[in-house]
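For this one, chain A is given, so just place chain B with the ligand on it according to the hints.
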Amino acid sequence: MAIPRFWRETPSRYNLIGTKCKNCDTIYFPPRLICPKCHRKSIGKLEPIKLKGEGEVITYTVIHDGPKQFEMQIPYIMAIIELDEGVRLTAQIVECESNEIKIGMRVKSTFRKLGEDGKAGVIHYGYKFIKA
Amino acid sequence: MREVAIIGVGETRFGEVWDKSFREIGIEAGLAAIENAGITGKEIDALYIGNMSAGKFIDQEHIAPLVADYVGLANANIPATRIEAADASGGLALSHAYMAVSSGVHDVVVVGGAEKMTDVGDVQAKEILAMSADQEWESVFGATFAGLHAMIARRHMHEYGTTREQLAMVAVKNHKHGALNPKAQFRREITLDMVLKAPMVASPLGIFDCAPLSDGSASLVLCPLKIAKKYSDNPIKIASCGQGGDYMALHDRRDICTMNATIIAARKALKYAKKAPKDIDVAEVHDSFTISEILAIEDLGFVKKGEGGKATEDGVTSLNSDISVNTSGGLKAHGQPVGAVGIAQAVEIVLQLRGEADKRQVKNAEVGLTHNVGGTGATAVVHIFEVV
Ligand SMILES: [Zn+2]
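Protein sequence lines correspond, in order, to chains A and B. Sequential numbering of the first sequence, starting at 1, is according to the numbering used here. Sequential numbering of the second sequence, starting at 1001, is according to the numbering used here.
Just so you know, not all the hints are guaranteed correct.
For lysine-lysine, the following BS3-like pairs were computed, each having C-alpha atoms within a straight-line distance of at most 27 angstroms [said to hold, decoys possible]: (1) B/Lys1278 x B/Lys1176; (2) B/Lys1197 x B/Lys1275; (3) B/Lys1056 x A/Lys68; (4) B/Lys1042 x A/Lys68; (5) A/Lys102 x B/Lys1310; (6) A/Lys102 x A/Lys37; (7) B/Lys1275 x B/Lys1304; (8) A/Lys102 x B/Lys1305; (9) B/Lys1271 x B/Lys1304; (10) A/Lys102 x B/Lys1197; (11) B/Lys1359 x B/Lys1278; (12) B/Lys1230 x A/Lys37; (13) A/Lys113 x B/Lys1126; (14) A/Lys102 x A/Lys52; (15) B/Lys1230 x B/Lys1042; (16) B/Lys1197 x B/Lys1310; (17) B/Lys1268 x B/Lys1237; (18) A/Lys68 x B/Lys1126; (19) B/Lys1271 x B/Lys1305; (20) A/Lys37 x A/Lys22; (21) B/Lys1237 x B/Lys1226; (22) B/Lys1359 x B/Lys1176.
Honestly, the hints are just simulated from the structure, not real lab data.
Extracted from the complex, chain A is given alone in its bound form:
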């Protein structure tokens, strides 16, 4: 992925910053500019909110055939996680054996290296999750 495209999203990827709609109190992650519930009424009313990064596994998979960027990590666990604030996201679960992962398992976020643009390229960082 091109460097500017990755860099633009770093605040959210580094610090789990989402947005909260001041009109209906719904929290979103990744950040949104329009609330899908309030539409027009939400314009200008979405404010940044830091998520705690704790939640549970909704579903998961162990990836055995992955993109080049993740080759060295194979097999790795991907999951959809519901954070306690109610938002869901897709992330890797690390420091967890393939046979340990379960739906409903409690997890918390951790700041890790995600990948790099080739051998001499920029290193990307962001969230992964570990057992809570």
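For chain B with the ligand alone, kept in the frame of chain A given last:
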């Protein structure tokens, strides 16, 4: 709104067609459809083409005029339009062609779908496929296209007790159908054991749970039903089209075991065609992964939510059973040249409704349906077809 008919169909063989270029396969299917329709070519008012990612796969954009040019239509200066909706590009191109004829803007329209996926390596092709998901919030963290579907499968097993074996049975059935289709990429049957013991791609999905990477093209000729008999002895009516959308990322859908886009698209198409799910005799549904077919038969209303696995196990969706699903072999065995899929599905339904499906013919087929999905379900397109 005018009634619209399909008067011609054409299709290349699907698979790794290394000896033919993108433009050659596009021309082959297009010319076959024109010949099948019994038109000279001069009647054609417009061309639509579904294609997901020629820019990434073959470094060529602007492919609609390219195909129009090489099927010999450059002198006619007709409008040629490419439609993109990831793997639903073909189905969506058909919808737009249908609406153009139905509205009266155009009379005779050629609509094709084409993709050349094997000029790049496997790893790269899979990365391009994953671009139909959200690059910034799914793929960047390591989620592959198979991985996202695997997470749907895992949740479906958790919520409804769907078994690994039931998933595998989708692949066994579709290979059985594909073995009867001379255009299919895989023309051999596989056993349950082969699916279960195949190398893992993204658990619980193994290699045989995933549709292949393919080259291929398919094409249709459309015209108003009123004048269809002028060209064709057996025109097939397009009774309706429906399209639905949803959140781009899988994690934003509260119920990841349901594709709302499919439900909406089917509801619209069935209502307009004045049909119920039980009226459908034969359906081509989007089985990019075995779990996708289970979701599709549930969300299209053929079986109750959660019972797709059981229904597959009971043989409800086998050839000449309650509802014949993916008689072509589906994406799994017929092949998955992404942009061509939606058109190839329509070609299969036309052959079935004409009674030209040979060894895989559904008896007394009168009403057919196609279901084409983009990404993990952010787009779904449904068409209903009927004998005249
Ligand atoms: Zn709101």
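Evaluation of the provided hints:
no.	hint	result
1	B/Lys1278 x B/Lys1176	24 angstroms, holds
2	B/Lys1197 x B/Lys1275	41 angstroms, violated
3	B/Lys1056 x A/Lys68	16 angstroms, holds
4	B/Lys1042 x A/Lys68	48 angstroms, violated
5	A/Lys102 x B/Lys1310	24 angstroms, holds
6	A/Lys102 x A/Lys37	32 angstroms, violated
7	B/Lys1275 x B/Lys1304	18 angstroms, holds
8	A/Lys102 x B/Lys1305	23 angstroms, holds
9	B/Lys1271 x B/Lys1304	19 angstroms, holds
10	A/Lys102 x B/Lys1197	22 angstroms, holds
11	B/Lys1359 x B/Lys1278	24 angstroms, holds
12	B/Lys1230 x A/Lys37	51 angstroms, violated
13	A/Lys113 x B/Lys1126	23 angstroms, holds
14	A/Lys102 x A/Lys52	21 angstroms, holds
15	B/Lys1230 x B/Lys1042	15 angstroms, holds
16	B/Lys1197 x B/Lys1310	21 angstroms, holds
17	B/Lys1268 x B/Lys1237	17 angstroms, holds
18	A/Lys68 x B/Lys1126	10 angstroms, holds
19	B/Lys1271 x B/Lys1305	20 angstroms, holds
20	A/Lys37 x A/Lys22	12 angstroms, holds
21	B/Lys1237 x B/Lys1226	10 angstroms, holds
22	B/Lys1359 x B/Lys1176	11 angstroms, holds
Hints 2, 4, 6 and 12, counting from the list given before, are not met by this structure.
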